[in-house]
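As you go down the protein sequences, you meet chains A and B in turn. Read in order, the letters of the first sequence correspond to residues 8 to 591 in our numbering. Read in order, the letters of the second sequence correspond to residues 5 to 116 in our numbering.
Among the clues, some could well be false.
[What the hints assert, rightly or not] Below, simulated SDA-like cross-link-like pairs (lysine to any residue); rule was C-alpha separation at most 20 Å, straight line:
hint, chain 1, residue 1, chain 2, residue 2
1, A, K408, B, R42
2, A, K41, A, L91
3, A, K235, A, P271
4, A, K306, B, N73
5, A, K553, A, D584
6, A, K476, A, V451
7, B, K32, A, A361
8, A, K476, B, N73
9, A, K306, B, K32
10, B, K32, A, K303
11, B, K54, A, D311
12, A, K482, A, K539
13, A, K303, B, D57
14, B, K32, A, Q190
Please keep in mind that the hints were generated in silico from the structure rather than gathered at the bench.
Residue-level listing of the chains:
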Amino acid sequence: MNEIIIGIDLGTTNSEVAIVENGKVHIITDDGKKILPSVVGIDDNGEILVGETARNQYLIYPERTVKSIKRLMGQDTHIIMAGLDYTPQEISAIILKRLKAIAEKHVGQSISKAVITVPAYFSDAQRQATREAGEIAGLEVVRMINEPTAAALVYGAGRDEAKRMLVYDLGGGTFDVSVVNVQAGVVEVLSSHGDNHLGGDDFDQQIVNHIQDHIKEQHGINISEHSKALARITRAAENAKLVLSDEPFAQIEEEYLLEHEGSPIHLTLELSRGDYEDMIEDYINATMDALHIALKGAKLTVSDIDEIILVGGSTRTPCIRERLFEEFGFEPHSEVDPDLCVAMGAATQAAMIAGQAIDTVLVDVTPYTYGTSALGFLDGEPYPYQFVPIIHKNSVLPTRKSEAFMTFQDGQESVNVRIYQGEDPDALNNIEIGEFTVEDLQDVPAGNIITLTLALDLNGMLHVSAKEKATGLEKSITINNAISRFETEELAGAKRRIDSLFGQMDSSSDEIETSDAVSQSKAVAEARQLIKKAEALFDTVSDEDKEDMVNLIETITDCIEAGDEGALQEPVEQLNDIIYYLES
Amino acid sequence: MTTPYQILCVSEHANDTEIKQAYLNLVKENPPDRDQERFQQIQHAYETIKDSDSRINFELFHFPETGFNALLDHAFKQESEIQPMHPDDFFRLLNAVSIDKAVMGDIKNKSS
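Extracted from the complex, chain A is given alone in its bound form (with noise of 0.2 Å):
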């Protein structure tokens, strides 16, 4: 049997897992609900809440709720709760422990591995930082994708004629725009662009500063200085957004919002949808210059573009719709629920790692360009931190790329090594996402050559290493975000930690080997122990007994990566007796 891999959806506003189950992808319900609001938050009692209920919490206790934390994720940073420090991962590992949990009561047995996706435009620390929040959570994170490839995934599956897809995914914090090939059973992204701070959240903070505005011009009350009022126009705020998706105006009333100098403060305002289109007009703006960003990074024009697909929450915002009609002179797709597509799509994925049949096939591109600083010239003058990219944006993952330098000075003997991320000529001006110093190199004249290698695997995480190309000296190191970075025993005690957040919940669950010896039977594992003592007796046997334990053990192999343990027995008796027979 192949062993289970969940798809989830870790997403700003909103959480989803999904799984294959007899070659169909489908959402796991939670007491029928598909959806899980990413929102954690600490009860009167002490006792943890995740989803509807910490999100209902919000309203009266919101010093004890966290929401949208994946717009931390990858900061050096801690948010309080109840009074105590958590750090973004930690927070992330309470919404992925309950997915588990919810996942693990759909299956009946204890999950232990999960592909996690991710926006495309995350940088390096916020995916590390997702693995991390994965590991806390007791979930070895086999891949993480990008939500809108996993969508395309979703929409391209089981499709013969060759389509060009533009998928355009707005959710609750981040914007992504993917140029999608589709075609011969491979869903093969083209080029990837987008904004990691851009979101329904923001659209929600328009209304919000609206309706503090108008609480000032009216009472002179500063309404930011009261938490709880606060949160209940960020409810408000977001209530009126899901009214102006259907309906031209929004009410937005809240009686008894705060005491005045003794008397009662309502709210009562009026929206109109023109109003609030006005208000987000200019990050509607900034996500059509992405797309076209994208475009251009794969080298097509609009009138390329077959179909467009819609996911994430915020794409239901009618005036994206109507923007991307004008641009493409077609209605945009959004048949798959764009709630759940995200999922689905990390789903098939899992059951393709997991062994499964899938006859759909991914190849991903990274959106940003990375590389190195150097003595090199900026605008015709000598400067010191030229940009020198060495992988290109849109490259196709994995991918490795090298390059040379030489040392400037003579008997020069470490060399610093700064990696970025960006486009900017001027290094200073992209993200520098790691440093590291190669040291004691040969006492030669300068024009040592030293040679930097980068690769980014299949996740969208970066390893670099650096060699001094005379002697071999190599220095390497995977950009695990120098400042937040988890240290192993952080790691563990986080996950100790946010385990005892847990109690006794789902005590039963948590001590799960990560091991190879959860996905093999018990028999398949005695039997490679048996193979591993035949091979420490070779030496020592005749050569006609080698042969014998050979054959047996090329027999038990095949039997198990057959999958055929019924089989599995008779040889393994014989090459039991063999070696007791030579160990006597």
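Please arrange chain B on chain A, whose structure you already have, making use of the hints.
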């Protein structure tokens, strides 16, 4: 040595569409998740010859059987002298890419 054409199992006269189809078929059989080395080999071969520009580039500038380090030696003359282009390669270049044909092919692709 294996040329990108051999890796993708296409003739040296294959057009963009044929090369793309061959690439996709190979990727389908060798997804990046299964064997990354093999996938990278296929991907690299495809990027080397996917359109007429890259094919001309390949014929003009490829160094047979050279990896990154060999190129480096070549560039900095650390080990080997610069070798003139082998006459066979030169004739192959003349035969393989007629510039006229490449340009014609391009026009055809665009008009279809």
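Taken at face value, is the distance from the CA of K303 of chain A to the CA of K32 of chain B at most 20 Å? violated, 26 Å
Between K32 of chain B and A361 of chain A, is the straight-line Cα distance small enough, at 20 Å or below? Status holds; Cα separation ~17 Å.
For the pair supplied as a hint, K54 of chain B and D311 of chain A, is the alpha-carbon distance within the 20 Å limit? holds, 18 Å
Straight-line Cα separation of K41 of chain A and L91 of chain A no greater than 20 Å? The given pair, whose Cα atoms are some 30 Å apart, is violated under the 20 Å limit.
Hinted pair K303 of chain A and D57 of chain B, Cα distance within 20 Å: holds, 18 Å
Below or equal to 20 Å on CA atoms is what counts here, so check K553 of chain A against D584 of chain A. holds, 13 Å
Holds or violated: are the alpha carbons of K32 of chain B and Q190 of chain A at most 20 Å from each other? Holds: K32 of chain B and Q190 of chain A sit about 10 Å apart, inside 20 Å.
Just to be careful, I want the Cα atoms of K476 of chain A and N73 of chain B compared with a cutoff of 20 Å; is the pair within it? holds, 9 Å
Hinted pair K306 of chain A and N73 of chain B, Cα distance within 20 Å: violated, 32 Å
Do the alpha carbons of K482 of chain A and K539 of chain A lie within 20 Å of each other, as the hint requires? Violated. K482 of chain A to K539 of chain A sits at ~34 Å, over the 20 Å cutoff.
Run the distance test for K235 of chain A versus P271 of chain A: straight-line Cα separation, threshold 20 Å. holds, 14 Å
Given the proposed pairing of K408 of chain A with R42 of chain B, does the C-alpha separation stay at or below 20 Å? It holds: about 16 Å lies between the C-alpha atoms, which stays within 20 Å.
Against the hints set out earlier in the document, violations occur for numbers 2, 4, 9, 10, 12.
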